[in-house]
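A.B. asks: Below are the chains, spelled out letter by letter.
2 protein chains.
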Amino acid sequence: MTPLKNDTFLRALARQPTPHTPIWLMRQAGRYLPEYNATRKRAGSFLGLAKNPDYATEVTLQPLERFALDAAILFSDILTVPDAMGLGLYFADGEGPRFHHPLRDERAIKALHVPDPHTELRYVMEAVSSIRRALDGRVPLIGFSGSPYTLACYMIEGGGSDDFRTVKTMLYSRPDLLHHLLRITAQAVIDYLNAQIIAGAQAVMIFDTWGGNLTSAGYAEFSLAYLQQVVAGLKREHNGERIPSIVFTKGGGGWLESMADLGCDALGIDWSTDLALARQRVGARVALQGNLDPAALFGSEATLRSEARRVLDAFGVGPGHVFNLGHGISQFTAPEQVAVLVDEVHTYSKRQRTS
Amino acid sequence: MTPLKNDTFLRALARQPTPHTPIWLMRQAGRYLPEYNATRKRAGSFLGLAKNPDYATEVTLQPLERFALDAAILFSDILTVPDAMGLGLYFADGEGPRFHHPLRDERAIKALHVPDPHTELRYVMEAVSSIRRALDGRVPLIGFSGSPYTLACYMIEGGGSDDFRTVKTMLYSRPDLLHHLLRITAQAVIDYLNAQIIAGAQAVMIFDTWGGNLTSAGYAEFSLAYLQQVVAGLKREHNGERIPSIVFTKGGGGWLESMADLGCDALGIDWSTDLALARQRVGARVALQGNLDPAALFGSEATLRSEARRVLDAFGVGPGHVFNLGHGISQFTAPEQVAVLVDEVHTYSKRQRTS
Numbered sequence: 001m002t003p004l005k006n007d008t009f010l011r012a013l014a015r016q017p018t019p020h021t022p023i024w025l026m027r028q029a030g031r032y033l034p035e036y037n038a039t040r041k042r043a044g045s046f047l048g049l050a051k052n053p054d055y056a057t058e059v060t061l062q063p064l065e066r067f068a069l070d071a072a073i074l075f076s077d078i079l080t081v082p083d084a085m086g087l088g089l090y091f092a093d094g095e096g097p098r099f100h101h102p103l104r105d106e107r108a109i110k111a112l113h114v115p116d117p118h119t120e121l122r123y124v125m126e127a128v129s130s131i132r133r134a135l136d137g138r139v140p141l142i143g144f145s146g147s148p149y150t151l152a153c154y155m156i157e158g159g160g161s162d163d164f165r166t167v168k169t170m171l172y173s174r175p176d177l178l179h180h181l182l183r184i185t186a187q188a189v190i191d192y193l194n195a196q197i198i199a200g201a202q203a204v205m206i207f208d209t210w211g212g213n214l215t216s217a218g219y220a221e222f223s224l225a226y227l228q229q230v231v232a233g234l235k236r237e238h239n240g241e242r243i244p245s246i247v248f249t250k251g252g253g254g255w256l257e258s259m260a261d262l263g264c265d266a267l268g269i270d271w272s273t274d275l276a277l278a279r280q281r282v283g284a285r286v287a288l289q290g291n292l293d294p295a296a297l298f299g300s301e302a303t304l305r306s307e308a309r310r311v312l313d314a315f316g317v318g319p320g321h322v323f324n325l326g327h328g329i330s331q332f333t334a335p336e337q338v339a340v341l342v343d344e345v346h347t348y349s350k351r352q353r354t355s
Numbered sequence: 356m357t358p359l360k361n362d363t364f365l366r367a368l369a370r371q372p373t374p375h376t377p378i379w380l381m382r383q384a385g386r387y388l389p390e391y392n393a394t395r396k397r398a399g400s401f402l403g404l405a406k407n408p409d410y411a412t413e414v415t416l417q418p419l420e421r422f423a424l425d426a427a428i429l430f431s432d433i434l435t436v437p438d439a440m441g442l443g444l445y446f447a448d449g450e451g452p453r454f455h456h457p458l459r460d461e462r463a464i465k466a467l468h469v470p471d472p473h474t475e476l477r478y479v480m481e482a483v484s485s486i487r488r489a490l491d492g493r494v495p496l497i498g499f500s501g502s503p504y505t506l507a508c509y510m511i512e513g514g515g516s517d518d519f520r521t522v523k524t525m526l527y528s529r530p531d532l533l534h535h536l537l538r539i540t541a542q543a544v545i546d547y548l549n550a551q552i553i554a555g556a557q558a559v560m561i562f563d564t565w566g567g568n569l570t571s572a573g574y575a576e577f578s579l580a581y582l583q584q585v586v587a588g589l590k591r592e593h594n595g596e597r598i599p600s601i602v603f604t605k606g607g608g609g610w611l612e613s614m615a616d617l618g619c620d621a622l623g624i625d626w627s628t629d630l631a632l633a634r635q636r637v638g639a640r641v642a643l644q645g646n647l648d649p650a651a652l653f654g655s656e657a658t659l660r661s662e663a664r665r666v667l668d669a670f671g672v673g674p675g676h677v678f679n680l681g682h683g684i685s686q687f688t689a690p691e692q693v694a695v696l697v698d699e700v701h702t703y704s705k706r707q708r709t710s
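One line per chain: the protein sequences are A and B, in this order. Counting along the first sequence from 1, when you hit position 90 you're at 90 in the numbering used here, and nothing is skipped either side. Take any residue in the second sequence, count from 1 to its spot, add 355: that is its number in the numbering used here.
By construction, these hints were calculated from the structure, which means they are not laboratory data. Model, not experiment: these values are computed from the prediction. C-beta atoms are modelled at their ideal positions from N, C-alpha and C, and glycine is treated no differently. Treat the hints loosely; a few may be bogus.
Every beta carbon over 10 angstroms from chain A, so not counted as near; a handful from chain B, in silico [unchecked claim]:
| # | residue |
| --- | --- |
| 1 | Asn361 |
| 2 | Phe446 |
| 3 | Asp460 |
| 4 | His473 |
| 5 | Gly514 |
| 6 | Asn549 |
| 7 | Asn594 |
| 8 | Asp629 |
Derived contacts from chain B toward chain A, CB cut-off under 8 angstroms, selection only [said to hold, decoys possible]:
| # | residue |
| --- | --- |
| 9 | Gly399 |
| 10 | Phe401 |
| 11 | Ala489 |
| 12 | Ser516 |
| 13 | Arg520 |
| 14 | Gln542 |
| 15 | Thr570 |
| 16 | Gly608 |
| 17 | Trp626 |
| 18 | Thr628 |
| 19 | Ala650 |
| 20 | Ala651 |
| 21 | Thr658 |
Could you put together the complete structure from these sequences and hints?
C.D. replies: As structure tokens, this is what we get:
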């Protein structure tokens, strides 16, 4: 493979100095881009995109054509693993992900198998290889998965939820069953991410989208413990290159100290947590990724630039910061605003390093 | 007025010793109670209930008939103030609150007036007086309002929202306009809560339901600053009795230190924050109210009891704890579970005091 032309993202994750603060955006290949919508139309649907390596490669690279982003992220969904387990992922029009066969009883949970990613999620591995070839060393490629608890939430609820009543009912009445599910899911996530690494992912990110719906004690028992298993099970090196991992629990700002002990290289930080305080709390243990409010992209150009500087100033000087949003970019974002943001992050962070 | 027979709630808010930890539940008069649903059916709608002092009194007292709760809370809605400003509150079937006339331009915002609560929200004051008479000193009555920022969110969005795109766009492009709206809303909340106090409310609570959608800096500027104005404007005494205030920012666990400086008597804590840590962080400045996961009521009786004890143990011994959920009680809760919870909180907290 071609050596990396831009390794700022990997260097920042390793807490090494970089000439500027690298930036990428969660969901950077997405509906705010007209070219994405055009490809999606050709593919027929979101899953039509995600399951076709050529389309997945095309949309993964689209934001890089427009913006000087410092990393690419595999175009896929956090729910491919339960889909491979037979739950039947689909997207109803204008709604979030849903499953045709949510887990509704003990029998269904006990019948679950850990999918073989090389066969049952082959389309993902093909997409990873294809994207790596297309990137040709431009920037590193990030692979990803949902966290065991987040996958369990979707698998039990059958989709998103306002109150997560079904999974919480299991948690408070049949914790043994939830633990069984989480053990299987954790193993599936480990196998899946390791297969992505073998296929060419140069870093991996674990999205714990729903960990924030737990109590402090519940987070430790039902999410953090399995995040720990996953991180411990990940390949740390491939082809002589270190493979860093990022863990992001949305709403997890209260638990950063224990997350910093997970053994991962970086923590994703949502926009509600002050980055200066977060850095102080985790010390030198991990790099931090975040944490602009995605809605700042709806503001005026001047405000967007000053909000970006606020995030950079909050982290302050010194290595270990990857700029990102605190959540996925909104489909209602004007692409021109992303260009402004990338410019401000690069320009201002260079200036920070020389002043 | 009759002297209070059970003042544990007020004593706990004042951080004075109590024989047991007092408990009440957010939304304790609500859809999980069959008798509530029967009254609501007679009233025709939620607003039919809230706007009729007799019905409001009836449903406010219903949970007290079933459970040994230590406080009553006015049956009303957090959005009565914008309704009195002319926005036209309504509830679509099975959905949250909405406004017929959300604020969509500068003209609409500049035309807003501060309602006179004694005339324009007279039905609320009549309900407060009527409930006080009906309570006859059994337990104290809590009045409440939405926070200025939370009201502004609803007024601008026209209802709830997943991304609060409209209010955030204003925040990041016309902060001056949002500040204008917040100033008016803060004054309206002050007048409204003071009128409730004069009508008989013995404590007041401010629900900052959406403050958690802000960044740390945004919270300080757009929510906390106006919470401070409200708290500073509240009557601290009425008829020789001190009137305590409680501030609850859902998702505000990261900002407890600055909230403890608001000048209020207590902070509401959602279930994601460990109460032991919260207490350590706010010290002796305020009492704490919370914070059982409402979903714990879906668990087995044994788990519910142990989760209640976990909350009581987390706060630990010493005065200043009001037991509550970390969010409103779910409509899907079995009433029998509430009886279990109240029993456990009273029994176990008595035992804590003697061991």
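A.B. asks: Would you mind marking each hint as holding or not holding in the structure?
C.D. replies: Now the hints, each set against the structure:
Distance to chain A confirms B/Asn361 as a non-interface residue, since its nearest Cβ pair spans about 29 angstroms, more than 10 angstroms. Once the 10 angstroms rule is applied to beta carbons, B/Phe446 is consistent with being away from chain A; the minimum gap is 16 angstroms. The claim that B/Asp460 lies off the interface holds: its Cβ sits roughly 17 angstroms from the closest Cβ of chain A, which is beyond the 10 angstroms cut-off. Distance check for B/His473 against chain A: the nearest CB is about 37 angstroms away, which clears 10 angstroms, and the non-interface claim stands.
At roughly 14 angstroms, the least C-beta separation between B/Gly514 and chain A is larger than 10 angstroms, which holds for a residue marked as non-interface. Residue placement check: B/Asn549 keeps its beta carbon more than 10 angstroms from all beta carbons of chain A (closest about 31 angstroms). Under the 10 angstroms C-beta cut-off, the non-interface status given to B/Asn594 relative to chain A holds; the minimum distance is some 40 angstroms. Some Cβ of chain A comes within 10 angstroms of the Cβ of B/Asp629; the nearest lies about 4 angstroms off, and the non-interface call is violated.
The restraint placing B/Gly399 at the interface with chain A is violated, with a minimum CB-CB distance near 26 angstroms, outside the 8 angstroms limit. The interface hint given for B/Phe401 is violated, since its Cβ lies 18 angstroms from the closest Cβ of chain A, which is over the 8 angstroms cut-off. Checking B/Ala489 against chain A by beta carbon gives a least distance of about 32 angstroms; that is not within 8 angstroms, so the hint is violated. The interface hint given for B/Ser516 is violated, since its Cβ lies 11 angstroms from the closest Cβ of chain A, which is over the 8 angstroms cut-off.
At its closest, the beta carbon of B/Arg520 sits 6 angstroms from a beta carbon of chain A; the interface hint therefore holds under the 8 angstroms criterion. Residue-level restraint check for B/Gln542 is violated (minimum Cβ-Cβ distance to chain A is 27 angstroms; threshold 8 angstroms). Against a cut-off of 8 angstroms between C-beta atoms, the interface hint on B/Thr570 holds, since the closest Cβ of chain A lies about 5 angstroms away. The beta carbon of B/Gly608 comes within 5 angstroms of a beta carbon in chain A, closer than 8 angstroms, and the hint placing it at the interface holds.
The interface hint given for B/Trp626 holds, since its Cβ lies 5 angstroms from the closest Cβ of chain A, which is under the 8 angstroms cut-off. Taken as an interface hint, B/Thr628 checks out: its beta carbon lies about 6 angstroms from the nearest beta carbon of chain A, inside 8 angstroms. Given hint, B/Ala650 at the interface with chain A, holds; its Cβ is 3 angstroms from that chain's nearest Cβ, closer than 8 angstroms. With 8 angstroms as the threshold, the beta carbon of B/Ala651 comes within range of chain A, its nearest partner Cβ sitting at about 6 angstroms, so the hint holds.
A cut of 8 angstroms between beta carbons decides the hint on B/Thr658: the least distance to chain A is about 5 angstroms, and the hint holds.
Of the numbered hints listed earlier, those contradicted by the structure are 8, 9, 10, 11, 12 and 14.
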